[in-house]
Every structure is written in C-alpha cells, then in structure tokens.
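Listed below, chain by chain, are the residues.
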Amino acid sequence: MSKPQDSCYHCGLPVPEGSHYQLEILGQKRNMCCPGCKAVAQAIVDGGLSDFYKHRTENSATAKTTVPELLDELALYDRPELQRSFVISDEANIKQAALILEGIVCAACVWLNERHVGSLPGVLEFSVNYATHRALLRWDDSQIHLSDILREIAAIGYIAHPFDSGRQEQLYKKERAMALRRLAVAGFGAMQVMMLAVGLYAGEHYGMAENMKQFFRWVSLFIAIPVVLYSARTFFSGAWGDLKRRRLGMDVPVALAIGSAFAASLYATVSHSGEVYFDSVTMFTFFLLAGRFLEMGARQRAGQAAEELVKLLPAMATRLTNSGEEVVPVGELAHGDQLRIKPGDGIPADGRIIAGQSSVDESLLTGESLPIAKSVGDTVTAGTVNVESPLDIEVEKLGEETVLASIRRLLDRALSEKPAIALVADRVAGWFVGGLLLVAMLVAAYWYFHAPAQAFWIVLSVLVVTCPCALSLATPAAMTAATGSLTRLGVLTTRGHALETLAQVSHMLFDKTGTLTSGRLSLTEVRPLGELDRKGCLRIAAALEQASEHPVARLLAQQVVAPPRASELVATPGQGIEGTVEGLRYRIGRSGYALTGSGYALEASSGFSHAVLATSEGRPLAEFLFSDVIRPEAKASMQQLQQAGIELQILSGDQPQVVAQVARELGITAWQAGLSPADKLAAIKQLQQGQAVVGMVGDGVNDAPVLAGAEVSVAMGSGTQLAQASADMVLLSGQLTHLAKAVMVARKARAIVRQNLAWAILYNLVALPLAAAGFIAPWMAAIGMSTSSLIVVVNALRLSR
Amino acid sequence: MDILYLLIPLGLVLLGIAVWAFMWAVKSGQFDDLEGPAHRILMDDDDPKIPQNKPDERLKDGPR
Chain Z
1 MSKPQDSCYH CGLPVPEGSH YQLEILGQKR NMCCPGCKAV AQAIVDGGLS DFYKHRTENS
61 ATAKTTVPEL LDELALYDRP ELQRSFVISD EANIKQAALI LEGIVCAACV WLNERHVGSL
121 PGVLEFSVNY ATHRALLRWD DSQIHLSDIL REIAAIGYIA HPFDSGRQEQ LYKKERAMAL
181 RRLAVAGFGA MQVMMLAVGL YAGEHYGMAE NMKQFFRWVS LFIAIPVVLY SARTFFSGAW
241 GDLKRRRLGM DVPVALAIGS AFAASLYATV SHSGEVYFDS VTMFTFFLLA GRFLEMGARQ
301 RAGQAAEELV KLLPAMATRL TNSGEEVVPV GELAHGDQLR IKPGDGIPAD GRIIAGQSSV
361 DESLLTGESL PIAKSVGDTV TAGTVNVESP LDIEVEKLGE ETVLASIRRL LDRALSEKPA
421 IALVADRVAG WFVGGLLLVA MLVAAYWYFH APAQAFWIVL SVLVVTCPCA LSLATPAAMT
481 AATGSLTRLG VLTTRGHALE TLAQVSHMLF DKTGTLTSGR LSLTEVRPLG ELDRKGCLRI
541 AAALEQASEH PVARLLAQQV VAPPRASELV ATPGQGIEGT VEGLRYRIGR SGYALTGSGY
601 ALEASSGFSH AVLATSEGRP LAEFLFSDVI RPEAKASMQQ LQQAGIELQI LSGDQPQVVA
661 QVARELGITA WQAGLSPADK LAAIKQLQQG QAVVGMVGDG VNDAPVLAGA EVSVAMGSGT
721 QLAQASADMV LLSGQLTHLA KAVMVARKAR AIVRQNLAWA ILYNLVALPL AAAGFIAPWM
781 AAIGMSTSSL IVVVNALRLS R
Chain G
1001 MDILYLLIPL GLVLLGIAVW AFMWAVKSGQ FDDLEGPAHR ILMDDDDPKI PQNKPDERLK
1061 DGPR
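First to last, the protein sequences are chains Z and G.
Heads up, the first sequence is in the working numbering, so the first residue is 1 and it goes up one at a time.
Heads up, the second sequence is in the working numbering, so the first residue is 1001 and it goes up one at a time.
In short, the hints are calculated from the structure, not lab data.
Take these hints with a grain of salt, some might be off.
What the hints assert, rightly or not - If you want the footprint, here are the derived chain Z segments under chain G, 3+ residues with CB under 8 Å:
hint : stretch
1    : 324-336
2    : 660-673
Said to hold, decoys possible - Only pairs whose alpha carbons sit at most 16 Å apart, straight line, appear in this in silico EDC-like list of lysine to aspartate or glutamate:
hint : chain 1 : residue 1 : chain 2 : residue 2
3    : Z       : LYS95     : Z       : GLU24
4    : Z       : LYS173    : G       : ASP1032
5    : Z       : LYS213    : G       : ASP1032
6    : Z       : LYS54     : Z       : GLU102
7    : Z       : LYS635    : Z       : GLU665
8    : G       : LYS1027   : Z       : GLU175
9    : Z       : LYS173    : G       : ASP1002
10   : Z       : LYS342    : Z       : GLU549
11   : Z       : LYS174    : G       : ASP1032
12   : Z       : LYS342    : Z       : ASP392
13   : Z       : LYS174    : G       : ASP1002
14   : Z       : LYS685    : Z       : GLU665
Glycine included, each C-beta is placed from N, C-alpha and C at the ideal position.
All chains should be built: construct the whole structure from the sequences, respecting the hints.
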C-alpha cells in the first residue's frame, strides 16, 4: 500500500538506499531518513497530533538523534543560579520564561508545539508567536521542571533556547504598542472628522444653519485635539529635535503643516470666522503614522536577528579546578579560568587553547563550511563549536568583550543608523520648507499692504495648499508598499535606501560559496584507485567514519546503510582516521596522511575537497571528491537578471577551475577567482569608477567589507550574522529567484515614486500661484491637499498587489 | 435636524468605546502576532472527535 518514497516524510531529505526507518502516519507507511526523524515522528503520532502532517506547508527540520548526554545537560537549566538570568517567578511556584524556538517553519509547527507542551501537567501557559518564533512559557515548578518541558520540545523535533527577554524584546513591544495606539487614535479620529467634514462641505454648497455649522466645528475640534496632541506628538518632538540641531528635516514641514492648520482651525472655530481644516489634519496624521508603523515592523524584524545570537553561546561550562571538573553557569566564569570543552559543545568565551588538538566549526561566524584545525596556542572564539576531540582553554575575554558581542553591537548600530540617501532627502525637504516659508512671507507682506483684512486667510491657504503632504508621502508610501510586498516574499529590506539603489543596479556581483551554491558539501565523485570497486570503497569509508563529527566524515558515513563495524580507531585531528574493518587495516583522510610511508602521491584535484582511502601501507584505494552543489533555482534567476539588463559577475575566493565550472553552468561569462576580500573590494571600486552601480550578493563574514563597499548589498538568509548586519537587504527565503523579483519590484517602486513626485510638484506649482493670488478659498485648499495625498497613497498601493 | 445634537454626541460616545476597546486589545497582546492567528484558525483541534475522522476508523478506510 505504500509506495517507496525517495524523500524522508518528516524532513524531506533523500532516504539512503535500503533504509529501514518506517512509521505509519495518517494510515500509510512512511519512510524516514534517520532514527532521529523517526523518533520525532513517533512522539508526534503517540501524542495524537498526527494532524500536524496534514496541515504543515513546509518540511520539518531534520531531527538530530537525541544524545542522552544532551538531555542530561538540559537538567542544568533547573539550577536556580542559571535560571536567575532568564526566569521570572510570579508567586511561590509559578515561573515564567521566554524561549527562542528553533525549527519553526510553518504555522502547523506552532500548533504542534502549543498542543503538545500545553497538554503537559503543570504547564500553565505556552504561547508561540509565529512572526518572531518566540514562545512564552508559564509553569508550576512544583509539578514540572523546566528541563522536562525542554525535553518534551526536543522530543517533537524542535530546540528551545531560554533567553533573557529583558534587553530588546520589551523595548520593541513597548514601541509597537505605542505606535499602534497612536495609529488607532488618529484613524478613528480621521474617520469621524471626515464624516463631519462631508456635512460641512455639503452645507457650504446647499446652505446650513449657522448654529449647526458651529456645532459641527466644535465637535470636529474636540475629536482633533487628541489626534494632534497624542498621535502627532512624534512629529512635533522630531521637528523640535531637528531644530535644536539647526537643520530642517522632513518632520519640520510635517509638524508645521499640522500645527499651523490646527492652530488656524482652532482660531476659526473660536472666532466664528474663516475655515476649518480638521479633516486634513487628522487624515494626514493617520497616513504618515501608518507608513511609519509598517517601516518600524520591518526594522524590528531585522533587529530580532541580533537577539538570535544568544543561542550560539552555551549556558553552562565545565571549569577545571584543582579538585577536578565542575559545571558552572557561563555567567559565573572569570578571566583566567580554565575550561574543558567536549566535542560537540559550544565554546562559551574567547580564549586560548592550553591543551588538546581538535578542529573547530566556525561556520556561524565565517560561513566556512569546513571546521578549522586548532592546537595549543591558537585562539578560539565564543559561539564556535568544538568538533573532534576535547580541548582545554583559558578564558581571555568574556561576555560583552567577546567577538560575538561586538558583532551584536555592530548589528544593533547598523540597524539604528540612518542611511545616507535618507539624509539627502531630508536636506532637500529642508530647502523646500525654507523656500516655502519665504514665499509665504512674501505673500503675507504683499497682502498686508494691499488688503490687510484678507492677509491672514490668504497666507493660511498658501501654507495649507502647499503643505508638503503629497511630497512627503510620495517616497515613503511607495517604499512602504514595496517593502511590504518584498517582506512577504522573504526579502527583508533593512536600510531605507536599498530599494532605490537596487532599481539602478547595472552590475550584480556574486560570491560563489553559499550564494550561488548551497554552501553544503555533497559527494560528487568516487574514483576507485585500487582493486576495490566503488561500492566496496564506500562501505569501508562509511565504517571508518561512523564515529567522526567532521562534516566530510558525516557525509561519507551517511552513504551506506548499516556499514560493517570498525575497530581500533585512531583519529589524528585535522588529518584523518585509521582503523580495522573486517580484519584489514585502513586509513582515510587527507592525501598526505592516508598515503604516508608509500611512494604514492595524488595530483591535487582541482579545488575540490577530497578524502583518500588507503591501506595501512599507504596504497591508495579510492579518492572521494566533494563539492558544493549549485542552488537549483540559480540558473533561472541568473537568466531573469540578465534579461533585466544587469551584468553578472562572480567574485570568488575559490580556485579557478571550480569557479569556471560554476560560471559555465550558470551562463555567466565574467568571473574572477582566488580573490581575497581586499581584491574583491578593489574589483568593486574599479567597476564603480566606470560609472557602474554595483550590487553585491554574499554570505560570509569575509564578505562583510565587500558588502559594505557596494552601492547595495544583499546577504543570504543562511549566511552569517555579520554579513547580514552589513547588508542592505537579506534574502531570508534563501531563494535566488526572489532576488530577480526584488529588482523588478524596486524598479516599479522607482517608477511610482517618480510619478508621485511629478504629481506632487505639479500640484504645488499650479496651486501655489492661485493661492497666493487669493483665488483659492481655504476649503478648496483643504480638499486639494487631501486628494493630492490620497492619489499618492493609492498610486503607491498598486505596488503591494 | 435638531436630532443631530443628540446623535453626534452619541456617536462620540461610541467612538470613545471603540478607541477604548482597541487600547484594551493592544494591551492584552492581540496585535503581537499578526500572522499566526490567520493560520491557527485552519487547524482543527476537534478533528479526532468528528466520527469519520476517528483514528481507528481511518485505518479501516485506508488512505484517501
């Protein structure tokens, strides 16, 4: 009844040949790729939650086989000294903690977690925020311990990291709630005032009792007061800040327009004369606040990336003392402490190796997919992972002094900085406002001498009609709409200028590893060199590599189901492994290591990562070649970009043969290989001197300076945090096709901004002379101002479709 | 048209209630996650309780 599937039902990875991990889910036998996925699926089915598989829209993350040691480590989370940093105790036994959940890919994951954890006795509340992947947990400590809950979450295939929510999260939440309240007051107010305004306009035309008109005005005033004093306060305080620093920003004209229109309307209402503009005031406030709210959402989402860095650090460390080893919370470590780091453990502090030899996985910081060999005297960085064998280190830098913390600060700063182009826009606005005020003063002076009675109302209509509303909405409205539609695609815009610049890009440069390729190694070729055939070599290699944590080893080990057992294994960190399989002794590893003691030598294979299997005398049996596979969607995306008239180029630090191969497959003619980050930067500078607008797409820490050097930079979502911090946009989805899409949206946004600006300027050019000449009644000015703003907003909304 | 002197203040009271309700919703965290609830409503918690969806009977039906 069940067809053999070639991909794992749980995580979607290919199932190795002859796999026997099967489970019945939703009435069918399903194949699984590994015992980890099977255990997780079993836990889900046993909990009566198999509907999860019906509802989910993405494959789940591959489950790791839960090592008993790892589960023991969770028990450490119950210790009060560790809980102090992230747990709040409400009452005697009621505790509360915030968790970052890893592995959430779709809404069904949220459902699964809430149902499973919520049903545990003693859990009072467990709610997952789908947008941020954060969970709030409240539990009764007398019935269940935190470690039990974390263990249950691990059982259904997710990883929960407790984190200190105090720092940023609270701030974000407050900021968001504040913005929402302001928006609501402005929105409700605008609706009500607009309703009354329609009555007043109709009254103007058909006639209206004076009492009723005054009543309408007073009610409008009453509603507009909270809108101006509460909702629009951000504009006033922003403008005040600008003035104190002696410059004219965009907040100044906005505050001026709102302030003067409100003051004039207030005067008109009290003195029973002139015209009121409460409708324009409230509606304009509402539009601007809505734009800022959406912008804030995008910024906060990018900012949460910084918070995720905490999960890189382990919570506990093993300290070496005179009497032996002790396990302590990382927060209690001091400089000069000696720590033992077991294989597979994260490194809690920056330090120097004092004993041991191993390799360290630095991929989270550098994007380098292979671990780096380290021995006594080398430095290690907090947040990296020890791979092969135990290391003893001496702590040199802790907490805020670590490289990891400085990256987080960089990220924070990058997000709070205002981009250069936005500053230019502000300056232009400044000139515009200056000019406007000058014109208004000239008009005032003229009318004061010719018809003093009308002077005030004419000047006011000049100010209102030329209110830079449409102008100040033109760009943000279009940008907000475009940013919103891109965010839905998984393309995050973290800098204001990114879209504008992306639309002008003439050259797009790509890093190779992790950008055009997936950044994951896969076995591409097996070359038998001796008497054993392909299959036999793979069997022995898999047997030898079973126990190793090295990524190349993991790949080889997965190639064969149930390999023979290897015994008497001797590992040389960073080199390879020797062992006995079925009575014969073999070596596997780097060619230098595997072939020692024999006359054989292999010519360096062109840039591929490789491993050599040999007999213990050093006679080669097989060579395994590994390479990075090209992303499946890369080719189509490159074609789309080329069709859009963008020149593509690959800048890679890798070897020429490999780069040439990738370039050929993707149809890219220009490529440079073997470049250092400085070379890449020089290549960009050279292009820029030729009037090119350069976009750079990359992923690693080594790309960070290059990304910063390009006019607009895009980081892959799977890349390192530092790369994302220095990039203007992040491809969270990891889909290169969305990059082509982003270029299209950016170009359309630019077209719409131009239309909007043209309209706003045209409107002002026509309206200003008419108002100055006294031809425009103030109520016409109000309608004109509102419609011109509305047209700009509606035009921008075309982008979000 | 004198009725407007009553109806408009009445409208203002309703406006006040609407603003208050919104503030309450913000405070109680209903706007913290704008994406999740839209999906959550599609997940049927009561699925196993519907007769034809009972797990044991589903096996008899075979896969659909």
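Each hint, compared with the structure:
Against chain G, the stretch 324-336 of chain Z contributes 0 residues with a C-beta closer than 8 Å to a partner C-beta. That does not satisfy the three-residue criterion, and the hint is violated. Counting residues of the stretch 660-673 of chain Z whose CB falls under 8 Å from any CB of chain G gives 0; the rule of at least 3 is not met. At most 16 Å may separate the alpha-carbon atoms for a hinted pair to count; LYS95/Z and GLU24/Z exceed this at roughly 38 Å. About 8 Å separates the Cα atoms of LYS173/Z and ASP1032/G, which keeps this hinted pair within 16 Å; it holds.
Of the supplied pair hints, the one linking LYS213/Z and ASP1032/G is violated, its CA atoms being roughly 42 Å apart against a limit of 16 Å. Between LYS54/Z and GLU102/Z, the direct Cα distance comes to roughly 21 Å. Violation of the 16 Å bound is thereby established for this hinted pair. Of the supplied pair hints, the one linking LYS635/Z and GLU665/Z holds, its CA atoms being roughly 8 Å apart against a limit of 16 Å. Taking the CA atoms of LYS1027/G and GLU175/Z, the gap is about 12 Å. The hint holds against a cut of 16 Å.
With a CA separation close to 46 Å, the supplied pair LYS173/Z and ASP1002/G exceeds the 16 Å bound. A C-alpha spacing of about 12 Å is found between LYS342/Z and GLU549/Z, which places the hinted pair at or below 16 Å, so the restraint holds. In summary, the hint linking LYS174/Z to ASP1032/G is supported, as the alpha carbons are separated by about 11 Å, within the 16 Å threshold. As the CA atoms of LYS342/Z and ASP392/Z are separated by approximately 9 Å, the hinted pair is consistent with the 16 Å bound.
A threshold of 16 Å between alpha carbons decides the hint, and for LYS174/Z with ASP1002/G the separation of about 44 Å lies outside it, so the pair is violated. Restraint check for LYS685/Z and GLU665/Z: not satisfied, since their Cα atoms lie roughly 27 Å apart, outside the 16 Å limit.
Hint check: violations occur at hints 1, 2, 3, 5, 6, 9, 13 and 14; the rest are consistent with the structure.
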